[in-house]
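Number of protein chains: 2
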Amino acid sequence: MGWAETLIAVDWGTTNRRAYRLGRGGAVEDRLEDDKGILAVPAGGFPAAVEEIRARLGDLPMLMGGMVGSNRGWVEAPYVPCPAGLPELAGSLKWVEEGRVAIVPGVCFAEGEAADVMRGEEVQILGAYGEGTIPADALVCHPGTHNKWVKLENGRIVRFRTVMTGELFNLLREHSILSDLLAGETVPGPAFDAGVARGLACAELTADLFSIRARVLLGKAPREEAASYASGLLIGNDVRTGLAAAGRARGDGPVYVMGRPDLTRLYAAALAQAGREAQELEGDEAFLCGIRHLAELVQ
Amino acid sequence: MGWAETLIAVDWGTTNRRAYRLGRGGAVEDRLEDDKGILAVPAGGFPAAVEEIRARLGDLPMLMGGMVGSNRGWVEAPYVPCPAGLPELAGSLKWVEEGRVAIVPGVCFAEGEAADVMRGEEVQILGAYGEGTIPADALVCHPGTHNKWVKLENGRIVRFRTVMTGELFNLLREHSILSDLLAGETVPGPAFDAGVARGLACAELTADLFSIRARVLLGKAPREEAASYASGLLIGNDVRTGLAAAGRARGDGPVYVMGRPDLTRLYAAALAQAGREAQELEGDEAFLCGIRHLAELVQ
Chain Z
50 MGWAETLIAV DWGTTNRRAY RLGRGGAVED RLEDDKGILA VPAGGFPAAV
100 EEIRARLGDL PMLMGGMVGS NRGWVEAPYV PCPAGLPELA GSLKWVEEGR
150 VAIVPGVCFA EGEAADVMRG EEVQILGAYG EGTIPADALV CHPGTHNKWV
200 KLENGRIVRF RTVMTGELFN LLREHSILSD LLAGETVPGP AFDAGVARGL
250 ACAELTADLF SIRARVLLGK APREEAASYA SGLLIGNDVR TGLAAAGRAR
300 GDGPVYVMGR PDLTRLYAAA LAQAGREAQE LEGDEAFLCG IRHLAELVQ
Chain E
50 MGWAETLIAV DWGTTNRRAY RLGRGGAVED RLEDDKGILA VPAGGFPAAV
100 EEIRARLGDL PMLMGGMVGS NRGWVEAPYV PCPAGLPELA GSLKWVEEGR
150 VAIVPGVCFA EGEAADVMRG EEVQILGAYG EGTIPADALV CHPGTHNKWV
200 KLENGRIVRF RTVMTGELFN LLREHSILSD LLAGETVPGP AFDAGVARGL
250 ACAELTADLF SIRARVLLGK APREEAASYA SGLLIGNDVR TGLAAAGRAR
300 GDGPVYVMGR PDLTRLYAAA LAQAGREAQE LEGDEAFLCG IRHLAELVQ
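Going line by line, the protein sequences match chains Z and E.
Using this note's numbering, the first residue of the first sequence is number 50, and each one after it goes up by one.
Using this note's numbering, the first residue of the second sequence is number 50, and each one after it goes up by one.
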């Protein structure tokens with residue numbers, strides 16, 4: 050197969066999918082983005098969902114990453130254990146159609162009682178390393194539904210820790226007693242910073258969350274700042290957990306914060322408050338770098 | 050009015066209500082229990098909902114506690130600030146119908162950045178004190194949707210801290226990526242104890258929750274123990290927070306754990322693991338004690 054030729058890269062997540070036609074030089078020639086994440090595909094519906102992509106972008110080889118390789122996806126691509134770099138991922142592709150359609154495996158970490166899994170972020174993180182945007186030894190923070198704190202050594206993921214901050218915030222906003230308070234916008238600023246300070250300093254999250262409501266009820270904090278404070282509280286807790294899990298990094302360089310810009314700026318602000326420099330990176334571009342490097346390795 | 054005569058006590062919560070006809074000596078002569086919590090009462094529907102109770106239990110004076118006095122309830126009964134004992138509650142009843150229908154106010158605590166509120170638990174806790182079941186100086190733990198850690202001094206609530214453990218567990222069970230894992234039964238035992246140990250020792254709850262899924266995916270923990278482990282983890286975190294908030298109690302006597310027996314036994318097990326003796330008390334009976342003592346005070 051001609052991976053170095055034109056191919057389709059698919060970032061197929063739980064609720065969204067993005068597909069790109071990459072030309073010879075790796076440039077994006079066309080793209081498709083919709084909400085047909087894996088949970089929107091009916092049982093047995095993946096072949097048809099893949100044909101939709103090909104009908105739009107061309108009858109080409111495909112390389113896919115993300116939840117499409119999970120046990121709820123198309124075909125399960127077993128996790129590659131740490132340490133995991135681009136060569137390990139390339140060597141463990143799950144071929145759905147030999148030589149023509151493959152799914153990139155996720156990565157797992159297990160040590161003593163600790164256990165963790167990722168699926169999708171590895172393509173972005175190792176892609177950024179392959180591109181030279183992230184050094185071979187680095188601490189990466191990848192916010193999203195499930196934030197990942199990832200240690201890279203010699204260009205390989207050696208350990209990581211997931212903090213389900215995004216999901217918890219969404220649960221609280223959609224279904225909890227705090228729902229009406231958290232409906233507002235989350236913005237950096239004094240309320241966010243106050244939340245971060247509390248989250249960094251103190252480990253009583255489940256109580257601190259309730260205090261948000263009590264403070265508003267008792268007139269001690271303005272209702273319109275509750276969402277930013279809660280976001281800061283959760284992200285401050287997240288940063289405390291992530292930096293503790295990472296331990297002291299060699300030389301303590303910047304933390305590379307990768308993902309959606311609206312999230313990376315909040316994490317960068319919280320890291321600054323924790324005394325750490327942050328460097329923000331865009332996740333979608335890094336995904337394409339990862340797919341290009343993997344395609345080269347399986348030629 | 051004749052509070053020392055027959056009256057109707059109503060424990061009117063968010064999702065349920067319980068009403069009791071108390072005879073002269075305070076004995077329960079009849080009762081009603083249904084799911085007409087305040088959220089099930091339509092706007093303007095409280096007079097009719099109260100008439101239903103009277104039609105069933107008699108046209109008698111009524112004393113009500115719980116969320117019926119919140120800003121989502123019938124008539125708002127403003128919080129009484131700490132220190133709050135039976136006399137303070139009795140002196141701040143919100144009369145809906147003068148001398149005949151009253152709502153017991155909730156209690157609030159505010160000090161520096163700290164802020165907290167309760168509505169309903171105060172009747173039970175002070176009722177148990179009034180009855181002599183809890184001493185005048187005590188630490189009370191009141192699990193439920195929102196667990197309360199309450200310090201009693203000289204028979205008054207002087208400070209408290211809410212931990213939203215029950216709500217968080219329900220959110221995770223009903224709406225999160227852990228839903229299928231948490232559907233099982235939560236029982237005391239080795240998995241619960243392991244969760245408690247982690248929750249007592251470590252403050253990385255939002256990450257530890259995700260590890261539950263990873264451990265099952267990687268075959269490091271049996272799926273059927275996930276719910277008990279998660280329950281232990283959350284309750285261990287709760288106990289760590291609650292004991293820290295309480296500080297060292299005078300003489301460090303037992304912690305009085307009040308509420309539904311299925312919950313109090315889990316908290317008692319976690320407290321034992323934290324090296325604290327627990328004494329379990331039934332919440333419904335304590336509510337009736339509180340109403341009886343308040344009725345005497347307003348005679």
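Read the hints as simulated data drawn from the structure, not as lab findings.
Take the hints with a grain of salt, since some may be wrong.
Pairs count within a copy or across copies, as identical chains cannot be separated in the list.
[Stated by the list, open to error] Below, simulated SDA-like cross-link-like pairs (lysine to any residue); rule was C-alpha separation at most 25 Å, straight line: (1) Lys143 <-> Val265; (2) Lys269 <-> Ala295; (3) Lys269 <-> Ala97; (4) Lys269 <-> Val207; (5) Lys269 <-> Arg205; (6) Lys269 <-> Glu101; (7) Lys269 <-> Val129; (8) Lys269 <-> Pro127; (9) Lys143 <-> Gly72; (10) Lys269 <-> Arg208; (11) Lys269 <-> Gly181.
A quick look at each hint next to the structure:
1. Taking the shortest alpha-carbon separations for Lys143 and Val265, only the inter-copy value of 22 Å comes in at or below 25 Å, while the best intra-copy value is 52 Å.
2. With identical chains, the CA atoms of Lys269 and Ala295 are at most 25 Å apart between copies only, with a shortest distance of 22 Å across copies and 36 Å within one.
3. In this homomeric assembly, Lys269 and Ala97 never come within 25 Å of each other (Cα to Cα): the closest approach is 55 Å inside a single copy and 36 Å across copies.
4. Proximity of Lys269 to Val207 under the C-alpha cut-off of 25 Å is restricted to the inter-copy arrangement: shortest distance 19 Å between copies versus 45 Å within a copy.
5. In this homomeric assembly, Lys269 and Arg205 come within 25 Å of each other (Cα to Cα) only across copies, at 24 Å, whereas the closest approach inside a single copy is 48 Å.
6. Within a single copy, Lys269 and Glu101 get their C-alpha atoms no closer than 54 Å, and across copies no closer than 39 Å, so neither meets the 25 Å cut-off.
7. Taking the shortest alpha-carbon separations for Lys269 and Val129, only the inter-copy value of 16 Å comes in at or below 25 Å, while the best intra-copy value is 50 Å.
8. For the identical chains of this complex, Lys269 and Pro127 are inter-copy neighbours only, at 15 Å across copies versus 51 Å inside a copy, given an alpha-carbon limit of 25 Å.
9. Proximity of Lys143 and Gly72 under a CA criterion of 25 Å is satisfied intra-copy only: 23 Å inside one chain copy versus 74 Å between copies.
10. Proximity of Lys269 and Arg208 under a CA criterion of 25 Å is satisfied inter-copy only: 17 Å between copies versus 42 Å inside one chain copy.
11. For the identical chains of this complex, Lys269 and Gly181 are neighbours neither inside a copy (48 Å) nor across copies (36 Å), given an alpha-carbon limit of 25 Å.
Hints 3, 6, 11, counting from the list given before, are not met by this structure.
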